[in-house]
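> Sequence:
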Amino acid sequence: MDTTFHLENVGIEGDIYASNGKATSGFGLFVLSNERIEYHFREEDMSLNEAESYIEDCLNNLSDETIDELSKEMCVWKDGIMTDCYPDMKCPDGLSDAQGRDILRFISVSDIFIYRNPYDNNDAVFGASILVGMEWEFEDGIEVIIKGKKVLEVREFLGYGEYAIWDKSEYR
32 MDTTFHLENV
42 GIEGDIYASN
52 GKATSGFGLF
62 VLSNERIEYH
72 FREEDMSLNE
82 AESYIEDCLN
92 NLSDETIDEL
102 SKEMCVWKDG
112 IMTDCYPDMK
122 CPDGLSDAQG
132 RDILRFISVS
142 DIFIYRNPYD
152 NNDAVFGASI
162 LVGMEWEFED
172 GIEVIIKGKK
182 VLEVREFLGY
192 GEYAIWDKSE
202 YR
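Here the sequence shown is numbered in the numbering used here, starting from 32 and rising by one per residue.
There may be inaccurate statements among the hints.
Claimed, not checked - Here are the computed lysine-lysine pairs in the DSSO-like style, where the Cα-Cα straight-line distance is at most 30 Å:
#: 1; residue 1: K180; residue 2: K53
#: 2; residue 1: K103; residue 2: K121
#: 3; residue 1: K53; residue 2: K178
#: 4; residue 1: K103; residue 2: K181
#: 5; residue 1: K180; residue 2: K103
#: 6; residue 1: K103; residue 2: K178
#: 7; residue 1: K53; residue 2: K181
None of these hints come from the bench; they were simulated from the model.
Working from the sequences, and respecting the hints, build out all of it.
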């Protein structure tokens with residue numbers, strides 16, 4: 032499981048949800064937004080090499096169909112906020128009309144949290160919570176929930192992380 036993608040400035044950070052109170056973070060490219068962002072994961076759940084492999088093989092290797100679906104879901108979410116909640120909200124020129132991949136030029140990814148299935152430690156499929164900001168006055172960010180390479184949900188940032196990716200009832 033050797034990767035060509037490597038995180039930089041890898042270090043330990045506090046994580047109140049980890050059994051040992053620690054997580055690992057490092058910086059690297061996120062291809063979708065072409066930004067250097069901070070990735071977070073718990074080494075009690077996965078090794079650095081496993082996290083880097085997931086980033087390289089899945090997160091930075093999304094299919095065109097997945098990117099199109101993600102873009103579509105972000106537009107649906109954006110349109111709902113702008114129509115139902117804040118019809119007079121100020122936003123950059125073009126954002127209110129952006130559809131499909133056009134929305135990608137208005138986003139900025141800040142962090143990605145990578146998780147192992149909390150209900151089955153032998154599950155080889157990892158998941159991620161991608162925190163996305165958008166150039167507008169709406170204060171809450173977008174959270175993109177991914178399992179493997181599949182986009183599960185685009186929503187307002189709620190912060191449930193791993194518990195938004197796997198359904199506990201599937202593992203009883």
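> Does K53 pair with K181 here, judged by a C-alpha cut-off of 30 Å?
With a Cα-Cα distance of about 28 Å, the restraint between K53 and K181 holds, given a limit of 30 Å.
> K180 and K53 were given as a pair; does the straight-line alpha-carbon distance stay at or below 30 Å?
holds, 26 Å
> Take a quick look at whether K180 and K103 sit within 30 Å of each other, Cα to Cα.
holds, 16 Å
> Given the hint that K103 pairs with K178, does the C-alpha gap stay at or below 30 Å?
Roughly 18 Å between the alpha carbons, so the hint for K103 and K178 holds.
> Given the proposed pairing of K53 with K178, does the C-alpha separation stay at or below 30 Å?
It holds: about 23 Å lies between the C-alpha atoms, which stays within 30 Å.
> When you check the alpha-carbon spacing of K103 and K181, does it fall within 30 Å?
holds, 14 Å
> With the threshold set at 30 Å, check whether the alpha-carbon distance from K103 to K121 stays at or below it.
holds, 21 Å
Against the hints set out earlier in the document, no violation occurs for any number.
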